[in-house]
Amino acid sequence: MKSKDAIISLKNVRKEFGMNSQATKVINGISLEINKGDYMAITGASGSGKSTLMYIVGLLLQPTSGEYLLNNKNITKLSGDELAEIRNKKIGFIFQQFNLLPKISAWENVAVPLIYSHVPQSEQKERAIKALSEIGLGDRVDFYPNQLSGGQQQRVAIARALINNPEILIADEPSGALDSESTKQIIKILDGLNKKGQTILIITHEADVAKHAKRHIILVDGLIKT
Amino acid sequence: MIKESFRHSFRSLRANKMRTSLTLLGIVIGISSVIIMLSVGRGAQELILDQIRGIGSQLLMVTAGGSAQEMGPPAAIEGIIVKTLTLRDAEAIENSAKYIKVVAPITNFTQTRIRKGNEEEIYTVQGRDKNFFTSRDYEFAEGRNFTESENKGVSKVAILGATIKDDLFKNFSAVGEYIRIGEANYRIIGVLKKKESALSIMGVDDETIMIPVKTAQKNVLGQDFLFGISLQASSEEDIDLAKAEVRRIIRRQHRLQTSEEDDFKISSQQDALAMIETFTSLLTLFLAAIATISLIVGGIGIMNIMLVSVFERTKEIGLLKALGARNKDIFYEFLVETLVIMIIGAFMALVIGFGVSYLAAKIGGWNTILAPESIPLALIMAFGFGIIFGVYPALKAAKLDPITALRFE
Numbered sequence: 005m006k007s008k009d010a011i012i013s014l015k016n017v018r019k020e021f022g023m024n025s026q027a028t029k030v031i032n033g034i035s036l037e038i039n040k041g042d043y044m045a046i047t048g049a050s051g052s053g054k055s056t057l058m059y060i061v062g063l064l065l066q067p068t069s070g071e072y073l074l075n076n077k078n079i080t081k082l083s084g085d086e087l088a089e090i091r092n093k094k095i096g097f098i099f100q101q102f103n104l105l106p107k108i109s110a111w112e113n114v115a116v117p118l119i120y121s122h123v124p125q126s127e128q129k130e131r132a133i134k135a136l137s138e139i140g141l142g143d144r145v146d147f148y149p150n151q152l153s154g155g156q157q158q159r160v161a162i163a164r165a166l167i168n169n170p171e172i173l174i175a176d177e178p179s180g181a182l183d184s185e186s187t188k189q190i191i192k193i194l195d196g197l198n199k200k201g202q203t204i205l206i207i208t209h210e211a212d213v214a215k216h217a218k219r220h221i222i223l224v225d226g227l228i229k230t
Numbered sequence: 052m053i054k055e056s057f058r059h060s061f062r063s064l065r066a067n068k069m070r071t072s073l074t075l076l077g078i079v080i081g082i083s084s085v086i087i088m089l090s091v092g093r094g095a096q097e098l099i100l101d102q103i104r105g106i107g108s109q110l111l112m113v114t115a116g117g118s119a120q121e122m123g124p125p126a127a128i129e130g131i132i133v134k135t136l137t138l139r140d141a142e143a144i145e146n147s148a149k150y151i152k153v154v155a156p157i158t159n160f161t162q163t164r165i166r167k168g169n170e171e172e173i174y175t176v177q178g179r180d181k182n183f184f185t186s187r188d189y190e191f192a193e194g195r196n197f198t199e200s201e202n203k204g205v206s207k208v209a210i211l212g213a214t215i216k217d218d219l220f221k222n223f224s225a226v227g228e229y230i231r232i233g234e235a236n237y238r239i240i241g242v243l244k245k246k247e248s249a250l251s252i253m254g255v256d257d258e259t260i261m262i263p264v265k266t267a268q269k270n271v272l273g274q275d276f277l278f279g280i281s282l283q284a285s286s287e288e289d290i291d292l293a294k295a296e297v298r299r300i301i302r303r304q305h306r307l308q309t310s311e312e313d314d315f316k317i318s319s320q321q322d323a324l325a326m327i328e329t330f331t332s333l334l335t336l337f338l339a340a341i342a343t344i345s346l347i348v349g350g351i352g353i354m355n356i357m358l359v360s361v362f363e364r365t366k367e368i369g370l371l372k373a374l375g376a377r378n379k380d381i382f383y384e385f386l387v388e389t390l391v392i393m394i395i396g397a398f399m400a401l402v403i404g405f406g407v408s409y410l411a412a413k414i415g416g417w418n419t420i421l422a423p424e425s426i427p428l429a430l431i432m433a434f435g436f437g438i439i440f441g442v443y444p445a446l447k448a449a450k451l452d453p454i455t456a457l458r459f460e
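These protein sequence lines are chains A and B, in that order.
Heads up, the first sequence is in the numbering used here, so the first residue is 5 and it goes up one at a time.
Heads up, the second sequence is in the numbering used here, so the first residue is 52 and it goes up one at a time.
Hint data in this document are derived by calculation from the structure and do not stem from the laboratory.
Since the structure is predicted, the reported quantities are computational estimates derived from the model, not experimental observations.
Each hint should be verified, as a subset may be incorrect.
Negatives, chain B to chain A, calculated, CB over 12 angstroms [to be verified]: (1) K134; (2) V153; (3) S286; (4) N378; (5) P427.
Below, computed lysine-lysine pairings styled on DSSO-like, alpha-carbon distance capped at 27 angstroms [said to hold, decoys possible]: (6) K107(A) to K447(B); (7) K68(B) to K107(A); (8) K181(B) to K269(B); (9) K450(B) to K93(A); (10) K94(A) to K366(B); (11) K94(A) to K450(B); (12) K129(A) to K447(B).
Cβ coordinates follow ideal geometry from the N, Cα and C atoms, glycine included.
This is chain A alone, in the form it adopts within the complex (with noise of 0.2 angstroms):
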């Protein structure tokens, strides 16, 4: 399945940790293209690897052999910061826990990303405050975290992931840490997401969330299961 389309192409990745004959062998070798407007989900038993993948996917992981084409350039071999740069332009991150920073207000989270982007200072505030509302926010730009329900946190933690309209959005668990009605309302959102064109790969063990996808793809020890 070759495509032009491809944003992004794994081809024979291998990941092992630590050294030599004791290295543990936690992805074996997996080739997947990930094209624009996907919607791809990928499920696993705990230590599959589905996290390795993600991370490996979301460049803060740099495999230990095969290629990776963002956009068919090949990015394999790329710096830290260089991976930085592009992971702030192209790549938007969900965490199940949020992650969003304690001590500062719901618009200053979602600006975070501009920071290091250059984007001027005045320039900020209005993006942050516009994606907000986007995502029924407009109302809480000013609210500290602990002020925000657990759904409402995962609401600002997409604001910030999409602030650069990234290439891909990656949710890891997206819905792990919520109740069963705000794990609804952030699926039908990153379900909406998706309609409007944005690609996403969701890392998640619940079989309800991954039906939502397009695409399955389902991990066993460091394999694509086909």
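Given the structure of chain A, go ahead and fit chain B onto it with the hints provided.
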């Protein structure tokens, strides 16, 4: 980016008020003690220099024995007894020096047993010319100076320092009373006023009994040479001419060949000032160096706390990296945080340092001298120590692996 780092660090510092203030405390104590030590040192130095200036800038002192160094002390002070300087030299200066107004020879001093009635005590005795007192503005609490005939003869009269008078006579008048120095009785004719300063070119005047030069030479010391000759130049401008003239006269008196070194030393007030200035500057520097130790301790404190801060914010660092922060962004954020604490500390230290210096001056009785260079110095110290102690924690933060940091609980 740097501006952003400043915003971040202020936020982070505000969020941890207790930790921030404890860190500040170390820095403030460190920097302010350096400022205080500099100011106290400077104030004490000015106090001493003022007192020496007060003695008079037209004064010269000839002492027996040459000196190895230009600025060094005369040989006599080092305990070498040089017998070449005599009353004949003093007379020669008096007779032929154009630029010298007053000549006042003085003898060595000695510790001697003094008796008054049944009391016995050891005091310092020194022979001094009457002109010594007039040219150096000594004031008498009671009685008078030596008369011309007392001064030239071997008369048994004495002038007491204030402390000795208090010791021997308490509140009663001493003039007209007798004390026994060695084998003879001396009539007390005068008592000096207590000196404001503890310092005098001759040592501690308050604790000295002063008798005429010839009396001291013949009856007490048993020597015919002098410790020195105190001179007053005709004017302050002529001090160098006077110095040269006196040197010429004494060299002729001592029959020194051109190739021979001086066997005496002429020092002016300026020389003494320069010497004491050098010494007190060193003292100030020494005090400041000690204070710097507390600054280093403060700096280590800040490093410690920054390391704790890096540890506590591990997860945050991981998140920032995931959101696109480069290593150097994280590095600057932590370094700037350290620097912000240091600079705030520096300003607080300036306020406290100047305040304490002012109080110390009040207590010490000198004018407050706020060394203006304290301001740049404090800032440079803050910045320098901020860099030295901030780089390591900042590097540690920057080098954290994003995933390890993100998973950190």
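Going down the list of hints, with the structure as the test:
The claim that K134(B) lies off the interface holds: its Cβ sits roughly 83 angstroms from the closest Cβ of chain A, which is beyond the 12 angstroms cut-off. The Cβ of V153(B) lies farther than 12 angstroms from every Cβ of chain A, with a closest approach of about 77 angstroms, so its non-interface assignment holds. Against the 12 angstroms criterion, S286(B) stays outside the reach of chain A, whose nearest CB is about 70 angstroms from its own CB. Its beta-carbon lying about 6 angstroms from the closest one in chain A, N378(B) breaks the requirement of being farther than 12 angstroms from that chain.
Listed as outside the interface, P427(B) is consistent with that label: its C-beta sits roughly 31 angstroms from the nearest C-beta of chain A, beyond the 12 angstroms cut-off. This hinted pair checks out: K107(A) and K447(B) have alpha carbons roughly 22 angstroms apart, not beyond 27 angstroms. For the proposed pair K68(B) and K107(A), the alpha carbon gap of about 13 angstroms is at most 27 angstroms, so the pair holds. This hinted pair checks out: K181(B) and K269(B) have alpha carbons roughly 17 angstroms apart, not beyond 27 angstroms.
Only pairs whose Cα atoms come within 27 angstroms are accepted, and K450(B) paired with K93(A) is accepted, the gap being roughly 21 angstroms. Of the supplied pair hints, the one linking K94(A) and K366(B) holds, its CA atoms being roughly 22 angstroms apart against a limit of 27 angstroms. For the hint linking K94(A) to K450(B), the alpha-carbon distance of about 23 angstroms falls within 27 angstroms, and the restraint holds. Only pairs whose Cα atoms come within 27 angstroms are accepted, and K129(A) paired with K447(B) is rejected, the gap being roughly 31 angstroms.
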